[in-house]
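Assemble the whole structure, with the sequences as input and the hints as a guide.
One letter stands for each residue in the lines below.
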Amino acid sequence: MIAEAGLIALWLAAALAFLQLALSALGLWGGKDELLGAVRPVAVTQGVLTAISFCALVALFLRSDMSVLLVASNSHSAKPWLYKFAGAWGNHEGSMLLWVTVMGLAGAAVALFERALRRDTHMATLAGQAAISLGFYAFLLFSSNPFARLSPAPANGQGLNPLLQDPGLAFHPPTLYLGYVGLSVAFSFAIGALLTRRVDAAFARAMRPWVLAAWVLLTLGITAGSYWAYYELGWGGWWFWDPVENASLMPWLAATALLHSVTVLATRDSLRAWTVMLAVIAFSMSMVGTFLVRSGILTSVHAFAVDPERGSFILALLAIYIGGALALFGWRVGAVREGATFRTVSRESALVMNNLLLCVILGIVLIGTLYPLMTEAFGHKVSVGAPYFDRVAGPLALALMLLMAVGPLLRWRQDQARVVAKRVAVPAVLLVLSLVVLLMVGAGTIGVLPLLGLAIAIPVGVASLAPLWKRNLLRTPLFTWGMVIAHLGCAVSLAGMACDSAFTVEKLVAARPGDTIRTAGWTLHFERIAPIAGDNWTALQADIRASRGGGAVMIKPQSRFFTLPPTTTSEAALLTRWNGQLYVVLGQEADAGRWQLRIWWKPFVTLIWLGGIMIALGGVLALIGRERRGWRHKWQKGEA
Amino acid sequence: MKALLALLLCLIAAPVAAQTALPPAPWANRQLPDPAQEKRARALMETIRCLTCQSQSVADSDASMAGDMRSEIRRRIAAGEKPKAIRAWLISRYGDWVSYEPTAAPILWPLWGAPILLLIVGVLLLRRRIGKGR
Amino acid sequence: MKRPLLLWVPLVAFVAVLLLFAGRLANPDDRVVQSRLIGQALPVFDLPAAASDRPALRSTDIGGGKPRLVNIFASWCLPCAAEAPQLMALRRAGVEIDGIAIRDARADVDAFLKKHGNPYTRIGLDARSTVQMALGSSGVPETFVIDGRGKIAHQHIGDIRADDVPKVLKQLEAAR
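Chains as they are written, first to last, in numbering that gives the first Met the number 0: chain U, 0 to 639; chain V, 0 to 133; chain F, 0 to 175.
Please note that a few of the clues may not be correct.
Label pairs and their calculated CB-CB ranges [what the hints assert, rightly or not]:
1) F:A110 <-> U:L507: 31 to 41 Å
2) F:K113 <-> U:G550: 52 to 62 Å
3) U:V47 <-> F:A25: 32 to 42 Å
4) U:R544 <-> V:Q36: 48 to 58 Å
5) U:L507 <-> F:A55: 28 to 38 Å
6) U:Q157 <-> F:R160: 27 to 37 Å
7) U:A339 <-> F:W7: 48 to 58 Å
8) U:H379 <-> F:R175: 48 to 58 Å
9) V:Q36 <-> U:K469: 48 to 58 Å
10) F:P84 <-> U:F377: 36 to 46 Å
What the hints contain is simulated information worked out from the structure, not anything from laboratory work. Quick reminder that beta carbons are idealized off the backbone N, C-alpha and C, glycines included.
Shown next, in the form of structure tokens:
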């Protein structure tokens, strides 16, 4: 019953999306103006219906209803309830339903809360959102039905992949999808603005909060994914330049560029073509990412639902939506007035250069990810990984960091080089000092990129605080605080990445219970190894007493065995201190009685994710700050 | 959503169900006594692709063939071979695919040329935007 | 005007990417890593005996006149058990087959051969996959066709199915 209800809700939502598109199209271009009044209620109802459908799927998983094919393939009644819940989106069909739900809800939110846009642009935006949703509804209903029944129903299911049985599953995909699909709103805004020829400062101001919100969620999703991979995969790495990881990074890069571009458009009514293009690219990258993950054309640790038929369907969607948007762009933007030229030393120029660097990095990640596909077409197999990306994107990212330090200190319209030089004097001196110190300490042992990274992170961090210098902190606008914290977060994250690359100490030992291991100032006493059982797994757990000049703590790395499906995972033991993390992994039995232990001391590695959270926090503050200022203006004008 | 199939696939990589009953190779999980050599070995291992996994380096993989490859790399570094020679030896066996470090093969030149091209295009676009201004 | 032309570049670039994706979907990658040594001489190796009733295997034993097969297998490998009947059939047809057991131990190899039959003339024990790497083999089972002069003529990746047997026989003929 629930499954059928969910399916019906989905069909109804699809029908409403079609209605939404038809009503707005007829209203805007068919002359039937009176129909436009119905568009917003239809959009809201559509959002509610997709939410109902999604809740139905979650209910099916929570009840372990094995008569539904999806539940039987991906769940098991013995699983903890959290993984029954999160397992709803731990598979292809469920995650596509999540995608469509977020899209529906985002459209409903635009219908309900967007007040700043002109009516025709608003309607065109909702039309765009409906048009995109239709394609994904079709994909779900015709090719990936989450509510398909299984008859006869098995007694129990095949279980969820043990690597997914982790709190990360409850957090990482939904935030990531809220981000990806949130960018669809920016895409629809761009379509709406292009269709109604309204690419201007008002459009930028209206679009900005939506972009900010999607970007914040995407940042959180990527940060969470990185941390999850770090502690779950058991090798201490936090970014692998894996195609699926790149697929999440590319929309983020585009969204970051869009965020900054929207500010220029809102303030100076310039960079129109750039802003619209970035809005189109950001969601296009989300869609390309979905294609890469689900079509199976790229080998990846993360890939699932390898199905060329589904891949073809998504490819068709890509062709229609991205092709359509880019064609619209070429056709309409030609008529849009070109903006002012900027003076060389000005905040606008810095933002333009920022856009450029971000887009070049985006291009590099895209080309690097797709390159093996291109060479395969010529019969030659290559692998492109960290050595390429680090070496090419790394320096550009560092240049971007330096720009980020200087940019906020520049005035709008025009500034003087001499005056700016005085403002950056302190960070510049810090840069030189850090370089010197690091070279003395680590020349030869630390790689070039980590050394530069750390040397740059410190002055950039200090410079990001500069906009607050000599200001009354309580009267500084919230969005300025947001900018400061987000930029500081970037520097913090960079410092963490550099420290991890430069100073990590690794030790591999084959130890017997009773052995003591010393590394990086830590003393680890391997006390015992014993079997232990959990909800749906058994494990071998090593009890290790770790101490560093003081109190000892017990850490317990495990090697876990799941039965459904049969897998072994490694649960690393992490011990976090103010200046780093001790990361211990239990491996296989080496010789009789000896066990493989991998021990890492990673100084300041947690800064990577702390920085990510700071960036997201900065975005939230900026969002609240802008919205508050908007309300205050309206209140003052007596419009509320 | 993003199913992490790494361990699962490494352990159950087609066409084998188990991988071996033997303990890991001598140098698979043991560091070389000389730290400089270990550093070179590690740097090399991180850029050699595991043959039986879905896109992982041999340094990151639990698969027993990856362990054997790590052991072989460490053994050769300890015997004095240069990392470049070991990489070339592996490429002579398995092709460019086994190395994450792009080789000098002509088919890879556009990979390095692309960023430069992008930067040039970007700077050209920039010049129309930044100048004397109004 | 330069600007309008520039505005169509993204669309053109996107169409190129679309074509690439479509091409790759139509022609999916076979995910198989071929050995680069095909056409080159068999690398030099010297392996100890893997089974109690067969001699050890040296590269010098192969390549003396008649084309033969070198089969990479292991006792822990399921598809190797599946291809055993085909190997026995090839043996009965007069083909000389040498085996290399990967990451294995003598007792397990003996048990495997007892259960599935022993088509091999010699079997070498490659406990550390070193010869497997030297040959450019990336998994088990694989079979190499070696011609009369000790050159690797062909590599068959995966188990030999019943309908692969005539193909293998033809390759052996061609390698004379």
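Outcome of the hint check:
1. Remark: the range hint 31 to 41 Å for A110 (chain F) to L507 (chain U) is upheld by a beta-carbon distance near 33 Å.
2. As the Cβ distance of K113 (chain F) to G550 (chain U) is approximately 59 Å, the hint placing it in 52 to 62 Å holds.
3. The beta-carbon spacing between V47 (chain U) and A25 (chain F), approximately 40 Å, falls within the hinted interval of 32 to 42 Å.
4. Between R544 (chain U) and Q36 (chain V) the Cβ separation comes to about 31 Å, which falls outside the hinted range of 48 to 58 Å.
5. Between L507 (chain U) and A55 (chain F) the CB atoms are about 33 Å apart, so this pair conforms to the stated range of 28 to 38 Å.
6. A hinted range of 27 to 37 Å for the beta carbons of Q157 (chain U) and R160 (chain F) is consistent with their spacing of about 28 Å.
7. Hint check: A339 (chain U) to W7 (chain F), Cβ distance near 24 Å, so the stated range 48 to 58 Å is violated.
8. The given range of 48 to 58 Å is broken by H379 (chain U) and R175 (chain F), whose C-beta atoms sit roughly 31 Å from each other.
9. Between Q36 (chain V) and K469 (chain U) the beta carbon distance is about 54 Å. The supplied range of 48 to 58 Å therefore holds.
10. Separated by about 39 Å at the C-beta atoms, P84 (chain F) and F377 (chain U) satisfy the suggested range of 36 to 46 Å.
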